[in-house]
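Participant: Sequence:
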Amino acid sequence: MGNREIRLLDADMKTIGTFQSVQDSFRYETKLNTTDQRFYGIHVPSLGNLGPSMKRPAIHFLVSSTKTVIHAKLTNGSLEENKIIGSPAMTAFTETYDNLPSTKLLKTAAKRTIVPSMLIINRLRRKKISCG
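Mind the numbering: the sequence shown is residues 1 to 132 in my numbering, read in order.
For the record, the hints were derived by calculation from the structure and aren't laboratory data. Do not take every clue at face value.
[What the hints assert, rightly or not] No more than 25 Å apart at the CA atoms, straight line, and that leaves these computed lysine-lysine pairs for BS3-like: (1) 104 / 83; (2) 111 / 73; (3) 111 / 67; (4) 31 / 104; (5) 67 / 107; (6) 73 / 107; (7) 31 / 55; (8) 67 / 55; (9) 67 / 14; (10) 67 / 104; (11) 83 / 55.
Make a model of the complete structure from these sequences and hints.
Facilitator: Spelled out as structure tokens, the structure:
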């Protein structure tokens, strides 16, 4: 991570705090509203913008306790959370998300390689399927 700028974002994706990592790590403490269980984010601008991207320059989390701690790392140019501790709202959100049928389908699809997808696209091209 080096010495990069890091931004704390509110639910509207506006910067509410800026700080620097020092030698591949950072610690940032601030007071946040914990009564309405809103999402906040950590954004590393040098990884990319907040728009669509193949990389993940930000992580988002719910804060429902003054003792919320986020452990994150950089993997293949993307910011990933290892674990979020001390936020019952985030724990409930994650448990619900992980048990959705759509999440299970997405995880299964993500494990597949691109090759089968390309075969399907090539078959569709050979059949010259048109829409409308």
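Participant: Compare the distance between the alpha carbons of residue 31 and residue 55 with 25 Å, and conclude whether the hinted pair is satisfied.
Facilitator: Violated. Residue 31 to residue 55 sits at ~29 Å, over the 25 Å cutoff.
Participant: If you draw a straight line from the CA of residue 73 to the CA of residue 107, is it 25 Å or shorter?
Facilitator: Satisfied, since the Cα-Cα distance of roughly 21 Å is no more than 25 Å.
Participant: Please work out if residue 104 and residue 83 have their alpha carbons no farther apart than 25 Å.
Facilitator: Distance ~20 Å between residue 104 and residue 83 Cα, so the pair holds.
Participant: Assess, step by step, whether the Cα of residue 67 is no farther than 25 Å from the Cα of residue 107, and give holds or violated.
Facilitator: Distance of about 30 Å is beyond 25 Å: violated.
Participant: Could you grab the alpha-carbon distance between residue 67 and residue 55 and see if it respects the 25 Å cut-off?
Facilitator: It is violated: about 29 Å lies between the C-alpha atoms, which goes past 25 Å.
Participant: Given the hinted pair residue 83 and residue 55, is their alpha-carbon gap at most 25 Å?
Facilitator: holds, 19 Å
Participant: Please verify whether residue 31 and residue 104 have alpha carbons no more than 25 Å apart.
Facilitator: Answer violated: residue 31 to residue 104 is near 35 Å, above 25 Å.
Participant: Holds or violated: residue 67 with residue 104, Cα cutoff 25 Å?
Facilitator: Answer violated: residue 67 to residue 104 is near 30 Å, above 25 Å.
Participant: For the pair supplied as a hint, residue 111 and residue 67, confirm whether the alpha-carbon distance does not exceed 25 Å.
Facilitator: violated, 35 Å
Participant: Would the pair residue 67 and residue 14 pass a check requiring their Cα atoms to be no farther apart than 25 Å?
Facilitator: holds, 23 Å
Participant: Does the structure keep residue 111 and residue 73 at a Cα separation of 25 Å or less?
Facilitator: holds, 21 Å
Violated hints, listed in ascending order, are 3, 4, 5, 7, 8 and 10; each of the other numbered hints is respected by the structure.
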